[in-house]
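Participant: Sequence:
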Amino acid sequence: MTLIHLRSLLSLLRLSIFCFGYISPIFAIFGVLLKLLLYPSFEQCRQKNIMEWAFVHKIWDKWISSNVGSGQRLKAAVLLNYDPNGPSRLMSTIAEQEGIKADPTEMCELISFVKRNKLQMESFVIGQNQYLVTSIHESWFCARCMSTSKPSGEGAILMHTGAFLLIGLYDGSIGSASRAMVVLDQFAWHLSRRNH
Numbered sequence: 002m003t004l005i006h007l008r009s010l011l012s013l014l015r016l017s018i019f020c021f022g023y024i025s026p027i028f029a030i031f032g033v034l035l036k037l038l039l040y041p042s043f044e045q046c047r048q049k050n051i052m053e054w055a056f057v058h059k060i061w062d063k064w065i066s067s068n069v070g071s072g073q074r075l076k077a078a079v080l081l082n083y084d085p086n087g088p089s090r091l092m093s094t095i096a097e098q099e100g101i102k103a104d105p106t107e108m109c110e111l112i113s114f115v116k117r118n119k120l121q122m123e124s125f126v127i128g129q130n131q132y133l134v135t136s137i138h139e140s141w142f143c144a145r146c147m148s149t150s151k152p153s154g155e156g157a158i159l160m161h162t163g164a165f166l167l168i169g170l171y172d173g174s175i176g177s178a179s180r181a182m183v184v185l186d187q188f189a190w191h192l193s194r195r196n197h
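Numbering of the sequence shown is given in this note's numbering, commencing with residue 2 and proceeding in unit increments.
Honestly, the hints are just simulated from the structure, not real lab data. Among the clues, some could well be false.
[Unchecked claim] Pairs of lysine to aspartate or glutamate, EDC-like flavour, derived with a Cα cap of 20 Å: (1) LYS116 <-> GLU99; (2) LYS63 <-> GLU53; (3) LYS59 <-> GLU97; (4) LYS102 <-> GLU53.
[To be verified] Label pairs and their computed distance ranges (CB to CB): (5) GLU123 <-> LYS59: 29 to 37 Å; (6) SER71 <-> GLU107: 21 to 29 Å; (7) TRP54 <-> GLU123: 27 to 35 Å; (8) ARG194 <-> LYS119: 29 to 37 Å; (9) SER153 <-> ALA55: 37 to 45 Å; (10) SER148 <-> ILE95: 19 to 27 Å; (11) ASP62 <-> PRO105: 15 to 23 Å; (12) LEU133 <-> ASP104: 15 to 23 Å; (13) ALA55 <-> THR149: 35 to 43 Å.
Positions of the beta carbon are idealized from the N, C-alpha and C atoms, including for glycine.
Make a model of the complete structure from these sequences and hints.
Facilitator: Here it is, written out as structure tokens:
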């Protein structure tokens, strides 16, 4: 029995003690046998997730260097882990961010807003700004800032791509929104290449 199997056994025993107040031998034996049978697939899944995360991080870094920041098409961008069917508590909400210090609680509320799918009936908040959805498309939507002090305004584009929700924030109006959409679509295309 390997060290990993021993750790699994200890975890199951602790869980059994926590749940039942004593060690349930049947529960412990069943758990260990299951882990022994499925261990290779657990390890393969873990390695695949690490490789996918490395790919996402690499393209994120390359993409933000030329598209996000002062004088760029986007003033800020956030990449959120987003699986509409899965439990969100299993992973960190914020995968990547640039140009903004996103609040995890705020981002969880934003994900709840998207899941409720009442986009034009409610508003959402990112940072100090409140946004109202102005147009909805198949996998993305646009919003305008209602609390801006900038004469040309501010906007946000939220795009669902694979297991992520990509958020781009920009200053300006229609022309700025078009340029922001192009760079967000470019990142989404790079992400989709990995899936094919």
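Participant: Against each hint, give a clear statement of whether it holds in the structure.
Facilitator: Each hint, compared with the structure:
For the hint pairing LYS116 with GLU99, the CA-to-CA distance comes to about 24 Å; that exceeds 20 Å, so the pair is violated. For the hint linking LYS63 to GLU53, the alpha-carbon distance of about 16 Å falls within 20 Å, and the restraint holds. Using a Cα cut-off of 20 Å, the hinted pair LYS59 and GLU97 holds, with the two alpha carbons roughly 11 Å apart. Distance restraint check for LYS102 and GLU53: the Cα-Cα separation of roughly 24 Å exceeds the 20 Å cut-off, and the hinted pair is therefore not satisfied.
Judged by the Cβ atoms, the range 29 to 37 Å given for GLU123 and LYS59 holds: they are separated by roughly 35 Å. Checked against the given bound of 21 to 29 Å, the beta carbons of SER71 and GLU107, roughly 23 Å apart, stay inside it. With their beta carbons about 32 Å apart, TRP54 and GLU123 fall inside the hinted range of 27 to 35 Å. The supplied range of 29 to 37 Å is met by ARG194 and LYS119, whose beta-carbon atoms lie about 33 Å from each other.
Range check, SER153 to ALA55: Cβ separation about 38 Å, and the 37 to 45 Å hint holds. For SER148 paired with ILE95, a C-beta distance near 22 Å keeps the hint of 19 to 27 Å intact. A beta carbon spacing of about 21 Å between ASP62 and PRO105 agrees with the range 15 to 23 Å that was offered as a hint. Between LEU133 and ASP104 the Cβ separation comes to about 20 Å, which falls inside the hinted range of 15 to 23 Å.
Between ALA55 and THR149 the Cβ separation comes to about 37 Å, which falls inside the hinted range of 35 to 43 Å.
Taken one by one, the earlier hints fail for this structure at numbers 1 and 4, listed in ascending order.
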